[in-house]
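Let chain A serve as the given structure and place chain B on it in line with the hints.
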Amino acid sequence: MVVYLDHAATTPMLPAAISAYAEAMGVVGNPASVHSQGQNAKRMLEESREIVSQSLACDPIEVVFTGSGTEAINLGIKGLYWARAPRRRILVPGGEHHATLDTVEWLAQHDGAVIEWIPLDEGGRIDLAALEAAIIRDPLDVALVSVIMANNEVGTIEPVAEIAALAAAHGIPVHVDAVAAYGYIPVDFRTLAAAGVSALSVSAHKVGGPVGIGALVLGRATTVEPLIHGGGQQRKVRSGTQDVAAAVSFAVAASAVTAQLTAPAGGGETARLRALRDRVIAGVALVAPTAVLNGDPARRLPGNAHFSFAGCEGDSLLFLLDAAGVSVSTGSACQAGVPEPSHVLRAMGRNELESRGALRITLGHTSTDADVDALLAALPAAHAQALAAGMADRVPGH
Amino acid sequence: MSGGVDSAVAAARAVEAGHEVVGVHLALSRMPGTLRTGSRGCCTVEDSMDAQRAANIMGIPYYVWDFSERFKLDVVDDFIAEYAAGRTPNPCMRCNEKIKFAALLEKAMALGFDAVCTGHYASILTDADGNKELHRAAAWAKDQSYVLGVLTADQINHSMFPLGATPTKAEVRAEAAERGFSVANKPDSYDICFIPDGDTKGWLGERVAPVTGDILDREGNTLGQHDGAVAFTVGQRKGLSIGTPAADGKPRFVLEVRPITNTVVVGPKEALALKEIAGNFFTWAGLAPEHPEVEFACHVQIRAHADPVPAVAQVVSTSETDDSIELRIIPNEPLVGVAPGQTAVIYVGTRVLGQCTIDRTVSAVPVTSTDAPSPVSSASASPATVNA
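First to last, the sequence lines map onto chains A and B.
Throughout the first sequence, residue numbering follows the working numbering, covering 1 to 398 in sequence.
Throughout the second sequence, residue numbering follows the working numbering, covering 1001 to 1388 in sequence.
Here chain B stands alone, though its shape is the one from the complex:
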């Protein structure tokens, strides 16, 4: 129970469904902030009290469990390291993967619980053979199945999402008010919970020392200097201090961040379009396809609120010498706004089939001088100094 309205109503519905429910608030920071306005879901004193008040009203026990150590290592430090390696991670997904449905679930199961119940908007359905499947929520606008894409069959078997069938958030708020929860009108949380002021760039700047490097074009020509590759994200247009204009006079965008050489590659907007994405860290949400090595039709979604795009996917071997494999996704039309480190979730209909962390992309527009595609480096070493 974060102290927000969704988890409070989810808990109340689980109680009413006849489950024996215990409210648990996750302490994710060793230094809980002071009283902040609005919910950010990250263990402020006020959030903890709000969660406890809701638990009081529904008459269930309430405890605070300290996962700050795991959270720092698995989510915060990972976030910094990923940025330092030139990738764009999603810390909420990492938290679901490592904390809420891993460390928390593990502890809960060991203490005699059967499942973790959260206020996520997603549905768990059962197929004809009794296998649990993860599906989109009834309300498209509130659907959070994307951030749950990392869940495995075992985790789904021990999860409950009582809000999945609720058509609107307004309905959840009305229900909370009816139940007398003080959080009925509490603002939604946005941003990243451990960056209180929402200034991600500034926060990262304090933790990853910037190192000056070159800005290159796709042919490898040096166009200018940057004062820290980490500050750039793929698709960014502003903040490129390049003296000479492009030959075609068109604006240039960040195409790649290469941490090993501390360089930033820029090019025309068209070059941002990708005809292929792939990742070697992939998971199946529930039953895996029977023949994942055979190309199959699906939809791919690359951000929490992006539209799904029709695609084909398959698991392919990436090495002739070992058994390395990756999940390769080829969209029917090029994808834009994809950065390495982002998660691609694949769906079949409303069902979440699985996900991969994108570590390789292929541009839809070949480099003019050479025809070779430009793979993004997936190495994790970085010249930037990590302070955290």
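Isolated chain A (complex conformation):
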């Protein structure tokens, strides 16, 4: 049996989303066409947009479908930056996803942006006082603030509404990367927009929909420069023939998100995941008392357990658990597959050694108690062996 505990990377598609996807792919018609088949495609697309908008508590017109969460983040950040020219400053916390980091760094290298990294505390929480101080230093030159809603690696939930309020006081737009948060905690765009959020990115495959479609929720009053030019689809913000089948499948997953998040407080899927996660945390503490739970212990995603194991490589643990049939993650790897020390942990002030002992275990809609049992059964041997392997590939003293 293979135990999948890497739901933050991607989560299994819902069977209903798969069948809806397959069925919709059999329907011909470009939603931009005037004839009845075009109108039928348009109807399927807009119904899907409505269902997705309900899961995000926004208006359908505010949902701009993209090809991925990464594209949505690029559109949110570059689009706002270009629309706000000649303002140069971008304020962003250090532990963001690479979709944000690499985008703002590109803008700094190629388009004159000045990045100001807002520090995180040891739990991965953004330093609000430092953010406010950075804004006040020269508010008129701030193009935007971009912040992750919940960290994809360590699971810390950021006070997005408070962050937005600080920026909104100076008329500065805020982009929110909600890719990791979506489906796990409520993402209420209407409330966030009232606090000052202008744009928010999500991805379908993190919630049981297909890979290949994401969305930027773009407030009605917000203007962004498009990345892609062409037929003028979707408020002229994102040209290109719209992917009806992917949107239909996304909508099936989104309706499940809506149902989960409107479950009574303290119950439903969130509570179920939290209970499984707490079993993981308690079990790891027994096996490896020196392992550190990274991220905010309380304000964290219900499915996320992220640890630094002292004296061993996360890399070794991943390999040994994989050999035992349990799939987990160390965090980030470069394009060639080289494990890299987590930039999130580095931003939280951890040293390189602690960053290298990192292991992320994430639960999702298919996770069960049996999965946690299997992890906790495989972990003692894997941990003992990884400890014995130690830091063989490191230079002593480095």
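The set of hints was computed from the structure by calculation and includes no laboratory data.
Any given hint could turn out to be false.
[What the hints assert, rightly or not] Now the in silico label distances, taken between C-beta atoms and shown as ranges:
hint, chain 1, residue 1, chain 2, residue 2, range
1, A, H229, B, G1180, 41 to 47 Å
2, A, A384, B, S1317, 29 to 35 Å
3, A, M25, B, G1180, 27 to 33 Å
4, A, A285, B, R1053, 39 to 45 Å
5, A, A384, B, G1130, 55 to 61 Å
6, A, G212, B, E1178, 56 to 62 Å
7, A, N351, B, G1349, 49 to 55 Å
8, B, I1325, A, A377, 52 to 58 Å
[What the hints assert, rightly or not] Anything over 10 Å on all C-beta distances counts as not near chain B; from chain A, calculated:
hint, residue
9, R137
10, A195
11, L261
Backbone N, C-alpha and C fix where the C-beta goes; we use that ideal spot for every residue, glycine too.
Only chain B this time, still in chain A's reference frame:
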């Protein structure tokens, strides 16, 4: 698995022999290059993908292990330091010694593996008492036992070279094609993997600041100036900007690079011939000779593709005050083209017996004015500035 054809076929043969095999690609650089043409065996994105595709086809798990930190310190920095000290190192041997059959093997053993299997062309045979021995590959032209000469008994006991008995590379390529590996026709890697354009001199020049110094003859007379001793290798003829011609009118060659005094010594071609080489860093590949202090017959090979030369060798004491020893090799006929830092591998028949890093040589032609041989400095200090 480098992403090349040899390691892919070696892995496939190990799988077929019934071993439980896991493909491992070594990340040796923190800044993997972009897509380069051809394999250079050093963790380009394309090489990593090629290795993974081969692993997919044979149905084995595949991982990338990061040894970039060790590689930089033990191979790249060592390469620069050796050059700065006037020696000519072989980084592939250093990588085998420190990375592939040391750090990698160590990590693998700790994680529960029994052996490291590579695509090197060499053989491991077992003697009558069950001891493992390292031997040349069946195919002389492809033999890579020289670069494995640094392996010790323990390392050999945990190594597998499934390509050792294969007569030709063409056969390996044909087998790869038969197995459906996309790398069947991938070009061989040459050069040094961490110097992508193959310009070793240029690469070193960026890392070791050249300092102007004197060019001397063997009697110690100054013949001219050089603009950085590091740029010269023993045996080099071109690039010596000496104004006055030699008394005998014959061309002069670099005989020595002396980093401590930042001087380059030149002389006639005949003086390049060496009657003795020695090194105090030496290892035995498998069982050591029972009496290494007694002179024994062997063959010595001083480069990966040099012909082996009949010789006698023995371990001798080099100091009256401490227990310093060295492996001394006396070839039956003088050796040419040897530079300090190079490795001398000694063979008995096809068996690799051991190796030493050459740190002392004796010319076969005495200096004309004095009869004293001219030992090459083995000090590691250098006036050149190392930037790396």
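Evaluation of the provided hints:
1. A:H229 / B:G1180: 41 to 47 Å: 43 Å Cβ-Cβ, so the 41 to 47 Å window holds.
2. A:A384 / B:S1317: 29 to 35 Å: Violated, at about 46 Å.
3. A:M25 / B:G1180: 27 to 33 Å: Taking Cβ atoms as reference, M25 (chain A) and G1180 (chain B) lie about 31 Å apart, which means the hint holds.
4. A:A285 / B:R1053: 39 to 45 Å: 40 Å, holds
5. A:A384 / B:G1130: 55 to 61 Å: 32 Å, violated
6. A:G212 / B:E1178: 56 to 62 Å: 36 Å, violated
7. A:N351 / B:G1349: 49 to 55 Å: 53 Å, holds
8. B:I1325 / A:A377: 52 to 58 Å: 54 Å, holds
9. R137: 34 Å, holds
10. A195: About 41 Å separates A195 (chain A) from the closest Cβ of chain B, which puts it past 10 Å; holds.
11. L261: Non-interface label on L261 (chain A) holds, nearest chain B Cβ at 37 Å vs cutoff 10 Å.
Hints 2, 5 and 6 from the earlier list are contradicted by this structure; the remaining hints agree with it.
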